[in-house]
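These protein sequences, in sequence, are chains A and B.
The first sequence begins at 7 in my numbering and counts up by one.
The second sequence begins at 489 in my numbering and counts up by one.
Derived by calculation from the structure, the hints in this document are not laboratory data.
A virtual CB, placed ideally from N, CA and C, is assigned to each residue, including glycine.
The reader is advised that the hints may include incorrect statements.
[Said to hold, decoys possible] Estimated spans, in silico, between C-beta atoms of each pair:
no. : chain 1 : residue 1 : chain 2 : residue 2 : range
1   : A       : 89        : B       : 869       : 32 to 38 Å
2   : B       : 841       : A       : 127       : 19 to 25 Å
3   : A       : 101       : B       : 541       : 26 to 32 Å
4   : B       : 873       : A       : 78        : 36 to 42 Å
5   : A       : 228       : B       : 782       : 34 to 40 Å
6   : A       : 36        : B       : 553       : 39 to 45 Å
7   : B       : 681       : A       : 111       : 22 to 28 Å
8   : B       : 550       : A       : 120       : 26 to 32 Å
9   : B       : 763       : A       : 228       : 46 to 52 Å
10  : A       : 111       : B       : 498       : 38 to 44 Å
11  : A       : 120       : B       : 681       : 46 to 52 Å
12  : B       : 618       : A       : 101       : 33 to 39 Å
13  : B       : 763       : A       : 26        : 39 to 45 Å
[As the list claims (entries may be wrong)] Partial list, derived from the structure: chain A residues whose beta carbon lies under 7 Å from chain B:
no. : residue
14  : 66
15  : 93
16  : 97
17  : 114
18  : 121
19  : 137
20  : 140
21  : 194
22  : 198
23  : 205
24  : 242
25  : 267
[Said to hold, decoys possible] Dumping the calculated DSSO-like pairs for lysine-lysine here, alpha-carbon to alpha-carbon at most 27 Å:
no. : chain 1 : residue 1 : chain 2 : residue 2
26  : B       : 550       : A       : 129
27  : A       : 154       : A       : 87
28  : A       : 9         : B       : 833
29  : A       : 124       : B       : 548
30  : B       : 550       : A       : 124
31  : A       : 52        : B       : 757
32  : A       : 87        : B       : 757
33  : A       : 124       : B       : 580
34  : B       : 548       : A       : 129
35  : B       : 756       : A       : 77
36  : A       : 87        : B       : 589
37  : A       : 77        : B       : 833
38  : A       : 87        : B       : 580
39  : A       : 9         : B       : 837
40  : A       : 52        : B       : 686
Below, each chain spelled out in residue letters.
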Amino acid sequence: MYKFIKLTKVWFSISGFLMVISIIFISVFGLRLGIDYKGGTAIEFKSDNADTKDILADMLKEMSIDNYQYKDGGQGNGILKLPSISNDQHVQFSKLAIDKLTNYREISYDNVGPSIGKDLTNKSILAVILATVGIIIYIAIAFRRVPKPLSTWIFGVSAVVALIHDLLITIGFVSIIGFFFTWMEVDALFITAMLTIMGFSVHDTIVVYDRLRENFIHNPHQDINLTADESINQTLARSINTTLTVIIVLLALLLLGATSIQHFVLILVFGIFIGTYSSIFVATPVMILWHRSKLTNNKM
Amino acid sequence: MRRNLWIVLSVITIVITFGVLVDIPKSPFLGQKIKSLLGLDLIGGTELIYEADLSQSSDKIKDLNNLSNVFRSRIDELGVSEPTIQTSGSNKIIIELAGIKNIDEAVNRIGATYELSFMQETDDTTTGLQLKDYYDPDFIYPKYWQKTELTGRQLQKADVTFQGGTQNSVQTEPVVTLKFDNPGKEMFSMLTKDNLNKQIAIVLDDKIVSAPTVQTQISSGEAVITGSKDVKEAQKLASRLNEGMLPVPARLVGQQNVGATLGQDSLKKSVVGGIIGLLMVAIFMVVYYKTSGLIAVFALLIYAIISLAIFKIIPVTLTLAGIAGFILSIGMAIDANILIFERMKEELKAGKTLNLSIIDGFKRAWTSVRDSNFSSIITCIILYYTAGSGPVRGFALTLVIGILVSLFTAITVTRTILLLISGSKLQRFIHV
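Same shape as in the complex, but just chain A (with noise of 0.2 Å):
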């Protein structure tokens, strides 16, 4: 049987690193928001010129747009990034195009006006604050009736715990990608993600607890540290397969799947992997610290 507990100062050690670099890559690097938040338009499109990047600086100034973002995909694959022009422009835009480039299609057209992008900020922050009060009130009712001296608000809590953790480090990974990448924007997808990861995370933690709960009631009078490390190692097998099935199918999407969707499926990577680590080395030492510390102040 592995030992977790007794090395909680490591598992913390790590944790916090982790959670220490994301903060500063958060703050350093920020996010690279995507038109979905700002507004804009993108336009990506396909051409047989080898000079596009000029031709599409000669068509922009004669729309008089200059502030624009063009990334050159290869093999005449491109996709430029506008403020959100109108259907007019567009029109004007496509016409300049096919008369300029050799060859041009536009493989797709996304504009977002500045009221959708505040829509789905506003949206987006509501999601997660009721899914954080949503998992809450979900775990005091799962764990209402938890043995004395357990309490049924720790386990809530260090859940929580565990779960800021993962988002923390999860939007730190989407942060160090998204500066060298384009392609890792914050979008719907990204909030979707994030939520997604939150119901992963709490049902990986709440199958380490459950375990926890019944060996507790089973034999009440152990040492709480070696029942922790029974309940993780009993559930240690279910926590690997169980991730190892996700991650399967969801880095075979990721390698093979639709390239629009790669940055989404790779936060849940990310993500599910960090909430199954932190079911094991995050949420329970945490639980079992909070606990005993409130045994030795009950007793002082």
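Place chain B on chain A using the hints.
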């Protein structure tokens, strides 16, 4: 005990049969609609988000619905098959047009502010307008027209009624009656007085809906438009007039076009990625959990059949994110089985018989399975209701359906089959 198992097994078989019947492309139930299950990002098309300016509106909900009806009739004229048009929030309308080719023309057509106006003839060929017929765009009226102060704003009501044409003394000629408000009554009276024995034009979207000849001055504020071919045409005219009563300007605030090739490419890649991932999971399960793993994989197959049938029945639009949600929920389905098998292993190690290990393993793992899946269901429900946009909703919906179905298959299907085998001569083949 065993009799109950056989009953459960027959129920499962019936559910599977029904599922397969729904799933197959040309099924007797919902067979033809499989294509409409795919979202825009998979078949190509365009999504338009319009924001209505309802600042002048007294009944915002009604006006927004009116506007979406106007959009619908315009899209129908464009000949787009199966468009989705839905209102979102207090002032937005989201339109999805699958497989449309000429997007820019469609955008111009759909988004134009619809305005109803009453025009009179003019001899001035420089400022006068030449107008097309509303129903027959090839027909251009020979006369020139100019606007009057009377518009749809003064119109109170437009209805279909019947008059004249005695056939067995029943009134059979459908006509459209108009009713103006008080200022409109004055204006209409002046208009008919000035244009006696001349044509006036009722114009919607710069096209002539009807050009009746004024036979007498009308000061009652009520007018009758005759000459509709049948009831249908009269009804169409009346609804156009109703739509034009309050012009709600709408602005295109969001647009997403996905080329058909990109969509097909995405679809192909997702299906290939999904299938390969699942095959790998199946191999893992069989290698690690042996015959039990095989049964879990079988349960997974049933899970896929049932989920797809539900997607088709509801119906759920499958977007890229939706497919990801579906694939993710398969992970959940597997998780339930893994939890149970691990528990069975423990019970077997503790020296229990196979049959008892299965029963206890399931019983003990059930609280974990139920409690843990619930947290994901909560986040899915929140995602579904807060996210207005299609892909996020699709993801949440497929994931939540997947979780619920997986609970059913993992518990019922795997358990029943395991118990049936464990009580029979085949039990020596069961390994966990």
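Cross-check of the supplied hints:
The hinted window of 32 to 38 Å between residue 89/A and residue 869/B holds, with their beta carbons roughly 36 Å apart. Taking the beta carbon of each, residue 841/B and residue 127/A are about 58 Å apart, not inside 19 to 25 Å as hinted. A hinted range of 26 to 32 Å holds for the C-beta pair residue 101/A and residue 541/B, which are about 29 Å apart. Take residue 873/B and residue 78/A: their Cβ atoms lie about 41 Å apart, and the range 36 to 42 Å holds.
Hint check: residue 228/A to residue 782/B, Cβ distance near 38 Å, so the stated range 34 to 40 Å holds. Residue 36/A and residue 553/B have their C-beta atoms about 42 Å apart, which keeps the hinted 39 to 45 Å range intact. Separation of residue 681/B from residue 111/A is about 59 Å and departs from the stated range, judged on CB atoms against 22 to 28 Å. At roughly 27 Å, the beta carbons of residue 550/B and residue 120/A sit within the given window of 26 to 32 Å.
Between residue 763/B and residue 228/A the Cβ separation comes to about 47 Å, which falls inside the hinted range of 46 to 52 Å. In this structure the hint that residue 111/A and residue 498/B lie 38 to 44 Å apart at CB is violated, the actual value being about 55 Å. Range check, residue 120/A to residue 681/B: Cβ separation about 50 Å, and the 46 to 52 Å hint holds. With their beta carbons about 27 Å apart, residue 618/B and residue 101/A fall outside the hinted range of 33 to 39 Å.
The hinted range of 39 to 45 Å is satisfied by residue 763/B and residue 26/A, whose Cβ atoms lie roughly 41 Å apart. With a least beta-carbon distance of about 19 Å to chain B, the hint placing residue 66/A at the interface is violated under the 7 Å criterion. Given the 7 Å rule on beta carbons, the hint for residue 93/A holds: about 5 Å separates it from the nearest Cβ of chain B. At a threshold of 7 Å, the smallest CB-CB gap from residue 97/A to chain B is about 5 Å, leaving the interface hint in force.
For the restraint placing residue 114/A at the interface with chain B, the shortest Cβ-Cβ distance is roughly 5 Å, inside the 7 Å limit, so the hint holds. About 5 Å separates the beta-carbon of residue 121/A from the nearest beta-carbon of chain B, less than 7 Å, and the hint is met. With its C-beta approaching chain B no nearer than about 5 Å, residue 137/A sits inside the 7 Å limit, and its interface hint holds. Checking residue 140/A against chain B by beta carbon gives a least distance of about 5 Å; that is within 7 Å, so the hint holds.
With 7 Å as the threshold, the beta carbon of residue 194/A comes within range of chain B, its nearest partner Cβ sitting at about 5 Å, so the hint holds. With a cut of 7 Å, the hint placing residue 198/A at the interface with chain B holds, because the nearest CB-to-CB distance is about 5 Å. About 4 Å separates the beta-carbon of residue 205/A from the nearest beta-carbon of chain B, less than 7 Å, and the hint is met. Hint status for residue 242/A relative to chain B: violated, with the closest Cβ pair at about 9 Å, above 7 Å.
Checking residue 267/A against chain B by beta carbon gives a least distance of about 5 Å; that is within 7 Å, so the hint holds. Of the pairs offered as hints, the one joining residue 550/B and residue 129/A holds, with about 25 Å between alpha carbons and a cut-off of 27 Å not exceeded. Restraint check for residue 154/A and residue 87/A: not satisfied, since their Cα atoms lie roughly 59 Å apart, outside the 27 Å limit. As the CA atoms of residue 9/A and residue 833/B are separated by approximately 22 Å, the hinted pair is consistent with the 27 Å bound.
Among the hinted pairs, residue 124/A with residue 548/B is consistent with the structure: their alpha-carbon atoms are about 21 Å apart, no more than 27 Å. Only pairs whose Cα atoms come within 27 Å are accepted, and residue 550/B paired with residue 124/A is accepted, the gap being roughly 25 Å. For the suggested pair residue 52/A and residue 757/B, the alpha carbons sit about 20 Å apart, so the restraint of at most 27 Å is met. Proposed proximity of residue 87/A and residue 757/B is supported: the alpha carbons are some 26 Å apart, at most 27 Å.
With a C-alpha separation of about 13 Å, the suggested pairing of residue 124/A with residue 580/B holds against the 27 Å cut-off. Taking the CA atoms of residue 548/B and residue 129/A, the gap is about 22 Å. The hint holds against a cut of 27 Å. With a C-alpha separation of about 25 Å, the suggested pair residue 756/B and residue 77/A falls inside the 27 Å cut-off, and the hint holds. For the suggested pair residue 87/A and residue 589/B, the alpha carbons sit about 23 Å apart, so the restraint of at most 27 Å is met.
For the hint pairing residue 77/A with residue 833/B, the CA-to-CA distance comes to about 54 Å; that exceeds 27 Å, so the pair is violated. Of the supplied pair hints, the one linking residue 87/A and residue 580/B holds, its CA atoms being roughly 25 Å apart against a limit of 27 Å. Taken as a hint, the residue 9/A and residue 837/B pair is honoured in the structure, with Cα atoms around 22 Å apart against an allowance of 27 Å. Between residue 52/A and residue 686/B, the direct Cα distance comes to roughly 57 Å. Violation of the 27 Å bound is thereby established for this hinted pair.
Of the numbered hints given earlier, the model fails hints 2, 7, 10, 12, 14, 24, 27, 37 and 40; all others are met.
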